[in-house]
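*Asks:* Sequence:
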Amino acid sequence: MSRIDHVRARVAARLLERLGKRALSSPPEERLPDGLHVFVSGAGSPMPDPLRAGPGVGVLAGDRAFVFDTGAGSISNLQRMRFPIALVDAVVITHLHSDHIDGLGEMLLQSWIRGSRTTPTPVYGPTGIGQVVEGFNLAYQVDSVYRFDHHGDDIADLAGFGGEAHQIELEGDSAVLIEEGDLRVTVFAVHHHPVDPAFGFRIDYRGRSVTISGDTVYHPGLVTAAEGTDLLLHDALSVEMAEILRRVNEQAGLTRLSQILRDIQDYHATPVDAARAARDAHVRSLVLTHIAPALPSRVLHPLFLKGTANVYDGPITIARDGMLFSLAAGTDTIETNDAFRI
-7 MSRIDHVRAR VAARLLERLG KRALSSPPEE RLPDGLHVFV SGAGSPMPDP
43 LRAGPGVGVL AGDRAFVFDT GAGSISNLQR MRFPIALVDA VVITHLHSDH
93 IDGLGEMLLQ SWIRGSRTTP TPVYGPTGIG QVVEGFNLAY QVDSVYRFDH
143 HGDDIADLAG FGGEAHQIEL EGDSAVLIEE GDLRVTVFAV HHHPVDPAFG
193 FRIDYRGRSV TISGDTVYHP GLVTAAEGTD LLLHDALSVE MAEILRRVNE
243 QAGLTRLSQI LRDIQDYHAT PVDAARAARD AHVRSLVLTH IAPALPSRVL
293 HPLFLKGTAN VYDGPITIAR DGMLFSLAAG TDTIETNDAF RI
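The sequence shown begins at -7 in our numbering and counts up one residue at a time.
It is worth saying that the hints were derived from the structure and are not from the lab.
Quick list of the computed label-pair ranges, beta carbon to beta carbon: (1) Gly122 to Gly306: 38 to 48 Å; (2) Gly306 to Gly12: 35 to 45 Å; (3) Thr247 to His142: 42 to 52 Å; (4) Pro25 to Glu235: 36 to 46 Å.
We put the beta carbon where it would ideally sit given N, CA and C, even for glycine.
Based on the provided sequences and hints, a complete structural model is requested.
*Replies:* Encoded structure:
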């Protein structure tokens, strides 16, 4: 190794130490004011997007932490955002499409090891969630033994390995899933046929509220559940953009991809649909997520948002990974930050 390489290595070591100290200093749960805080860990869809991982949202409600959906890449993003995975009370799955669950194994592993859990992580979800959780537990079982053998009980207590499924049974249009102190989590049915059931969720804490649509078309049940909410995270697919890509694939002879791009147009809300839901529910701020097709450049934003301003006059944000929305209790403010940078 040359002298220059030695100098570079010393500089790199010092930089790594500084980065490590920064990562450990002032975690969000200590730095952020009491309230609701929404960490967008995955704003994408199954279509590859350089700015968006698979669907996922972390929510801090006071000292309670929840993860809604676990799309591919979203759990790594939660860690980059310094979301307190070690403190997660439960994982909540909106529906059992693969893009919403394919990071569940990673989520359960991180919750177990980082949280030194002594009981499995609760996982709430629709009919079939037991099969899904059992499958991930089985897939990671061999690995869990390796980690126990290496780290021992203090870090990898096998009693805390994996997930414990809690199937949500919804008899009407909505129900209270969790009600403890100032926290209320409400589950409601949405329409994502042929996926049935599919759920959305509303989180209320100390006068602030966030609603997560899950995957759905415009749905009156969502409008009712989201009434007056501060922040609505709603899935959005541009049919016009999907149709352009469908034609391109068809002309290239890629008939299977062309058919898929046609099929997905009928069970997601368009940006205008999401804006209509926000208007009808008297929502204060709308965040479009589960973005499809991919938006690798802001140049595409006007086409994606086409027509939304004619429907809803509140603020509309196209979500990207790393966004942090903070709703402090006792205020009416909604602050937006880049959690990858703070």
